Each structure stands twice: as structure tokens, then as C-alpha cells.
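**Q** The listed protein sequences derive, respectively, from chains S and X. For the first sequence, counting from 1, position 128 maps to 128 in the working numbering; every step adds exactly one. Adding 1000 to a residue's 1-based position in the second sequence gives its number in the working numbering.
Just so you know, these hints were derived from the structure itself, not from any lab. Treat the numbers as computed from the prediction; the structure is a model and nothing was measured. It cannot be assumed that every hint is accurate.
Every beta carbon over 12 Å from chain X, so not counted as near; a handful from chain S, in silico [to be verified]:
| # | residue |
| --- | --- |
| 1 | LYS25 |
| 2 | SER27 |
| 3 | GLN54 |
| 4 | LEU89 |
| 5 | ASN90 |
| 6 | PHE95 |
| 7 | TRP98 |
| 8 | LEU111 |
| 9 | ARG112 |
| 10 | GLU177 |
| 11 | GLU188 |
| 12 | ILE189 |
| 13 | ARG203 |
| 14 | GLY218 |
Short derived list, chain X residues pointing at chain S, Cβ under 10 Å [unchecked claim]:
| # | residue |
| --- | --- |
| 15 | MET1036 |
| 16 | SER1038 |
| 17 | ALA1039 |
| 18 | GLU1044 |
| 19 | ARG1050 |
| 20 | LEU1066 |
| 21 | LEU1070 |
| 22 | PRO1083 |
| 23 | SER1085 |
| 24 | SER1089 |
| 25 | ALA1096 |
| 26 | LEU1098 |
Coverage of chain S stretches by chain X, computed from C-beta distances (three or more under 8 Å per stretch; other residues unrestricted) [unchecked claim]:
| # | stretch |
| --- | --- |
| 27 | 41-51 |
| 28 | 55-62 |
| 29 | 68-76 |
| 30 | 151-161 |
| 31 | 206-213 |
Glycine is no exception: its CB is placed at the ideal position from the N, C-alpha and C atoms.
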Amino acid sequence: MSHSLRLSWSTVEARAAQVPVQAEKLSNFDLILQCQSGHRPDTAAFAELMRRYQSHVERVLYHLAPDWQDRADLAQEVWIRVYRNIKRLNEPGKFRGWLSRIATNLFYDELRKRKRNASPLSLDAPLSVDDGEIDWEIASDSPGPDEDLTTREFYDQLREAIADLPEVFRTTIVLREIQGMAYEEIAEITGVSLGTVKSRIARARLRLQSQLQNYLDGV
Amino acid sequence: MTSNFDSHNSNDQPSSAVNPNRSHSLNVMQRDRFEMLSAYLDGEVSADERRQVEEWLANDPTVQRLHARLLNLRQAFQTMSVPLSDQSSVQQTVDAVLARVDRKPRLPLIWGGIAIAAVAIGAISSVLLGERSPLPQMASTTNQEHVQPSQTPTDSEMPLLVAIDEPIASLPKGPMSPSELNQGNPLPSQATDTIR
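All chains, full assembly: derive it from the sequences and hints.
**A** See below:
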């Protein structure tokens, strides 16, 4: 009897050693902890982390740089940086925000490089948002979207309107609305004052709500 | 109750089409208020500003409508889909990243390489620069040894001359006469004189 018991224990131990924990079955939190343990992130765990969060990285980069064709390369750079620095993340629960920040910083690094090589337009140029006026007399009888088709059309219009915003306004409103950053954080990351952040966000919203008012009033 | 916003509109009777200057100042004022409403939406206002905006929201239909629009806009930002990679593209990214991190040298190796390079540069520079090398050097008396002979050359060279000119052991006189010896080689006698 005791002999058979000993056998079963050894079998259990052997199995536990062979299959540690499958990365796919870990919660996000445990998966990040797994990536933080050891000298380098465990390959299987890190691959799973990428599969889970790649859509978030793509989403952030899409809104920041809708007209860049090489966003996939930038996404790779994001993950290389995550791989090298994930051990420094003190609070695994804040991984998503940390990841957004890495993607945003890389985007700005790349943007600065491209601006150095491009013609001196953009940042110091007069802001084209000034040409828009607020229509305070909002037409109450504007047709509201009540079909799926209209909803889809609305999102197309919204994406287009965001992409058409001047770069500094687009990135600022994206950091606020998509990434949920506080003004202070945005000011730090974009290198401008709090007042400028506040103004840029308001002006971006001003233009978007003006362009999309027919849809927004009917939602 | 009428908000400041409405009162401002109603007090200025000429329409914006007739008076562009007034229209401009109105826009500035409207934008200031819009900015405050926008900041309010983000929770980035002072206590006074919050009270002000909440008063507009309670009483001004225009601000109420704008606020509703901005809330819808925020909701739309959250629910808006973007074109994302399919599963196979994601896996390609995963593979590409893992291949790159495997290929990269590890940080300790980099530091090790830097350390070895530093030692090599130090060694080379100490050879090439000699005494001007920034590396620490041992004290030596080489300079003094070089200088001393040049200062008093005769004192140190004299004993050597004497040693050459004077035979170590006296040679027995041969068949040659002293006169023959002097004719054949006058130097030894002169040298002897000089010493004396």
C-alpha cells in the first residue's frame, strides 16, 4: 500500500516539473509576473503577452500616426523595448498604461526624427483650427442616425475627422481620449505647458464636434 | 435663470454678419467657455471653474447640448474600431520580435566588451604616449642618470682611458730597442705624458 502511494506521488511531481504553467492559461497579471521573473523574459510567456496586447499597441499607433505606412515596424520596436524593460515595471496592474506610454514615446522619437528631415512646416505654422467657428445655434431638427449604416458611416467620418486634425491636435486628443492620460502627463510627454494641452484638447474637440454634430446629436 | 453665456449673446444685438469685430470677441469668449467645458469633462478644472460650468449645465440649454455632444464624442472614441492585424500577422510580429531579441547581445556582454576595450585602449595609449600617458606611472631615476654623464663627461671617461692605455701587466722587454719602439708607435709615450 505504502509502495503504491509513493509511486503516485513521484508521478505527480514529475508531471509538475515537466509542465510548469501554460502561458495561455495565466491571467494578464500573472503573465506579466511570469515575464518579469528570470534574467530574461520567458519566451513563451512573452509571446503570449504580445498576442494579448498587440491590438492595443496597434490601436494607439493607428490613432497617433494614421498616415504612416510603417506602423508595424514601430510596433516591433515597442515590443523590443518592453522586452528589455519589463523587469522595471513596478506595478504589473499598470502594464497597459505603461505599454501605451512606451508606444507614445517611440512615436514621438520617430516623429522628431522625421521632422528634422522634413520641411520646417507643422509645429510653428499657423493653426488651421482657427478657421472653424462654433455653431452655438444647434439645429434641433437635424437628421439623427438611426440605422446601422449611419452608425458605420459615423465611425468612418470620425476616423477621417481625427486623421485630418493637425498633428499636434490629433496626438493630444488621442493621448486624452484613447489613452486616458491626465493633462500633466500629456504636457510632459509632448513637451508643452498645461495651458497649451488644455487649449489643444478643447480645440480638437471643437472641430470634431462641429464636423460631426449631426451624428453626435442623434446618438 | 440666464447664464453669463446667454446674457453675453443677448446684450450684443448686432449680428455677427454685420459686425465682424464683435463677432471675433464673441468667438474668443465662446472659446474660453468651451475650453472650460472641455477641461471640466476631463476633471481638470479648479473648484471655482467647476461651480461655474455646473451652473451653465443646470441652466443653459446650449451648454447642455454641447456637453452631451462631447460625451457622445468621448464614447465614440472608446467604441471606434480601427483596422487591426489578423491572427497570422500578429504571429509574424511575435516571431520577428523574438528573433530580434535572441539575436541581440546581452547587456553584460556589452559591458564586458566595453571593459576589455577600455583596458586595450589604456595599454595602447600608455605605450604610444610614453611619459605623457594619463595612466599612473612608477617613479624612476632614469632622467638623472641621463643627465649626469653629459654634465661631467671627462670625470667619468678618464679612468676608462687610463685602463686602456696602461697595460694590465708589464710586458717583458723584447728584442726591439726603445728608439724603434718610439718610431713605430709614438702614441703610448704621449699618452703617458698626458696622464702625468
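**Q** The structure should be examined with respect to each hint, and the outcome stated for every one.
**A** Here is what the structure says about each hint:
1. LYS25: Fine: 18 Å to the nearest Cβ keeps S/LYS25 off the interface.
2. SER27: It holds; S/SER27 is separated from chain X by about 20 Å at its closest Cβ, greater than 12 Å.
3. GLN54: 5 Å, violated
4. LEU89: 17 Å, holds
5. ASN90: Fine: 20 Å to the nearest Cβ keeps S/ASN90 off the interface.
6. PHE95: 17 Å, holds
7. TRP98: 17 Å, holds
8. LEU111: S/LEU111 clear of chain X: closest Cβ-Cβ about 19 Å, beyond 12 Å.
9. ARG112: For S/ARG112, whose nearest Cβ neighbour in chain X is about 23 Å away, the distance exceeds 12 Å, so it holds.
10. GLU177: 4 Å, violated
11. GLU188: For S/GLU188, whose nearest Cβ neighbour in chain X is about 14 Å away, the distance exceeds 12 Å, so it holds.
12. ILE189: Consistent with the label, S/ILE189 stays out of reach of chain X, its closest Cβ about 16 Å off (over 12 Å).
13. ARG203: 8 Å, violated
14. GLY218: 9 Å, violated
15. MET1036: 8 Å, holds
16. SER1038: Interface hint status for X/SER1038: holds (4 Å vs cutoff 10 Å).
17. ALA1039: 5 Å, holds
18. GLU1044: With a closest approach of 5 Å, the X/GLU1044 hint holds.
19. ARG1050: At 14 Å from the nearest chain S Cβ, X/ARG1050 fails the 10 Å test, so the hint is violated.
20. LEU1066: 7 Å, holds
21. LEU1070: Since the shortest Cβ distance to chain S is 6 Å, the answer is holds.
22. PRO1083: 7 Å, holds
23. SER1085: Nearest chain S Cβ about 6 Å off; hint holds.
24. SER1089: Check passed: Cβ of X/SER1089 comes within 8 Å of chain S, closer than 10 Å.
25. ALA1096: At about 6 Å, which falls below the 10 Å cut-off, the nearest Cβ of chain S leaves the hint on X/ALA1096 intact, so it holds.
26. LEU1098: With a closest approach of 6 Å, the X/LEU1098 hint holds.
27. 41-51: holds (count 5)
28. 55-62: holds (count 4)
29. 68-76: Coverage by chain X holds for the stretch 68-76 of chain S (3 residues, Cβ < 8 Å).
30. 151-161: Our answer is that it holds, as 4 residues pass the Cβ test (under 8 Å) against chain X, meeting three.
31. 206-213: Satisfied; 5 residues make the cut.
In terms of the numbered hints stated before, the structure departs from hints 3, 10, 13, 14 and 19, listed from lowest to highest.
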